[in-house]
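**Q** Now for the letters of each chain:
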Amino acid sequence: MILFLAVATGFLGLAWLALAMDVHWLQVTGTQSRRPAIALRFLGAAALAASLVLCFIADHVSMAPLVWVMAIAGGALLVAFTMAWKPRLLRPLIPRIRARD
Amino acid sequence: MFPSFRLSMTWLHTWFGLVMGFVLMVAFFFGALSVFDREIDRWAVPETRFEPQPMPSYDKLLAPIFAGMKPREEELRLAEQRVGGPLPAQKPVMNWGAYTTHRDPVLLMFAEFGITNNPNDPDDHVHGWFQIDPRSGKIIPDDRLNIGRDFFYPMHYSLHLEWMELGYWIVGFAALVMLAALVSGIVMHRRIFRELFTFRPNKQAGRSTLDLHNLTGVVALPFHFVFALSGLVIFAGIYFPIEETIFKPHAEAQGMADARARGLAFKPAGVPAGLASVDAMVEEARRRWAQRGMPGEVGMLTVNHIGDRNSYVSIYRAGSDRVTLVGQGVHFEGPTGRVIFEDPPPSAVQGVNDFLTGLHLQHFRHWLLRWFYVLGGLAGCACIATGFIFFVEKRKRQHAALGTGGARWVDAMAVTTVTGMLIATLAILVANRLLPVELAHRGEWEKGAFWGAWILACAHACWRTAPVRQAKLAPAWAEHCWAIAGLGIAAVLLNWITTGDHLVATISRGYWPVAGMDLFLLAAAALAVVAARKLRRHGSEAGAAAVEGTDGDPVVPQAARVAS
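Protein sequences, first through last, are from chains A and B.
So for the first sequence, the working numbering puts the first residue at 47; every next one is plus one.
So for the second sequence, the working numbering puts the first residue at 302; every next one is plus one.
It is possible that part of the hints are untrue.
[To be verified] Distance condition first, Cα-Cα at most 20 Å in a straight line; then the derived SDA-like pairs of lysine to any residue:
(1) A:Lys132 <-> B:Lys504
(2) A:Lys132 <-> B:Arg501
(3) B:Lys504 <-> A:Gly76
(4) A:Lys132 <-> B:Asp559
(5) B:Lys549 <-> B:Asp559
(6) A:Lys132 <-> B:Lys835
(7) B:Lys504 <-> A:Pro111
(8) B:Lys504 <-> A:Ala130
(9) B:Lys835 <-> B:Pro502
(10) B:Lys748 <-> B:Val346
(11) B:Lys568 <-> B:Lys361
(12) B:Lys549 <-> B:Arg561
(13) A:Lys132 <-> B:Pro502
(14) B:Lys504 <-> B:Arg834
(15) B:Lys371 <-> B:Glu381
Don't read these hints as lab results, they were simulated from the structure.
Starting from the given sequences, assemble the full structure and let the hints guide the process.
**A** Right, here's the structure in full:
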């Protein structure tokens, strides 16, 4: 369960980092509207850090970084494929950011 | 030689990547399969489809089985050649041991027997081994090929080229090239972070292939780098055999000093003696591990100098809870059961070595990380396959205009190594379920099916890539995809027919080694169908458009993904 959360937050973090780039922002929102890039980067980095912490909670200290690095790799592939084929699926991530922004 | 550093890196990446890519593809793919080698074995040897077992009692179960162990026939024949005549009737047993992991239902037992009449080598010996069902002590017939552990796994690191250890050298060189390709690839790429998540399947084939190549290369870069490096570290003893060459006297002196420091007898005393209770020693070893804060199960147990006063028992811990591969061995005096020596914590250098080895060999119990390793390996395959396709896409029109066949032959080799390898892999599984159980040398036939299928796939690939000469898409890709789909489904059905273990049964029983195999095969078959259909659509579009040379489509990378 903790590992699942670690993988999920890893994915979230990468998705936010991607949204902070104008190409991907356009893909997801369909508009060139001004994006909260700094907030998105901050959120993304925070989520990645949270993911690493969760990995350390779940596993032996020698195992956790490996799991984290691979979770990031898998998450990045998933973000890239979602952006390519179903970018709209990432939309729910945006209002949440606005709310916190 | 080159006007800029980047161009020289591009040349290196392109040509070394192409030539060694064929080897790397094999190493990555069979490496990914080896992550689940034990599970593949369960699928391939239905008699062993039961839950993993702990190390059984030595005193009650293992001791009588060890006593009845015999040397392997094929080893005896080789020993006769070494000796140059008949072997003595008495082949004294020197040592024996048993090995298991948290994924092994069966227990591997092995022994060494002395050959006393070899004039050239007083330490000449032969081996015996078999697997038992640790619940009953029944010996598992050893005429079965453990496809995962004994075929796919050696394929990963030696390509089954045993002669002069050639395969190890080729794979090692490929790993070195891999490291160079990663570095040169980063130099070529330039927009690593800006295009980290970039994949544009609807752009023209060359662009989308390159996107996928960059994506799978960059996101799994730490994996690719660390695995190529740790693979080299594991076999450093083969690549730099300094212990056998310039440092041989030092290495021998070190070995003797180590043995003395540990108090473990190097040679038997020649005085017969009994063996104390090994079960009690196991208890003591477990107590000591728990004291060190790492309680665990026994992974390996060996008895050395059997029946001698100098005999000793070594008990190693199964390293299933951490990455580092260390055994925390505890060594006992055989006749008394007194602890002689306990392995100290490793030095810093040894610790790094153990960590890299453990990271690569993954004895740990962590299913998510195992699957991530498969993902990393398959990402590597996709990266290499898209590299091939990009190479061909970039050149085929130019080669067609010039009338040269370079792109076509590269495409034929790419088809052979990407989809052809999958066909061969599925062929050995199908053969495993089709061949009669009582067939003599059944394992050899299974291997024959693998190599035969690969050769056929290669021949087909050479034949059906001819259209590349007209800058068209090779029909070989789609046809291979259909073959993969057919074989994948056939393997699952044959498993059901021959063993009765269909998916509903294995899933409801929660027997994941076999259920996972079947699901993976079906997923591969489904992906192959999708790829074949897309390739066909693209093929007809491209056929119509070939005259104008406007074939642009997202399909080729799809095939590459499937292929991995």
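**Q** With reference to the structure, classify each hint as holding or not holding.
**A** Right, here's what the structure says about each hint:
| no. | hint | in the structure |
| --- | --- | --- |
| 1 | A:Lys132 <-> B:Lys504 | holds, 16 Å |
| 2 | A:Lys132 <-> B:Arg501 | holds, 12 Å |
| 3 | B:Lys504 <-> A:Gly76 | holds, 18 Å |
| 4 | A:Lys132 <-> B:Asp559 | violated, 61 Å |
| 5 | B:Lys549 <-> B:Asp559 | holds, 15 Å |
| 6 | A:Lys132 <-> B:Lys835 | holds, 18 Å |
| 7 | B:Lys504 <-> A:Pro111 | violated, 36 Å |
| 8 | B:Lys504 <-> A:Ala130 | holds, 11 Å |
| 9 | B:Lys835 <-> B:Pro502 | holds, 12 Å |
| 10 | B:Lys748 <-> B:Val346 | holds, 15 Å |
| 11 | B:Lys568 <-> B:Lys361 | violated, 28 Å |
| 12 | B:Lys549 <-> B:Arg561 | holds, 18 Å |
| 13 | A:Lys132 <-> B:Pro502 | holds, 12 Å |
| 14 | B:Lys504 <-> B:Arg834 | holds, 19 Å |
| 15 | B:Lys371 <-> B:Glu381 | holds, 16 Å |
Hint compliance for this structure: hints 4, 7 and 11 are broken, all remaining hints hold.
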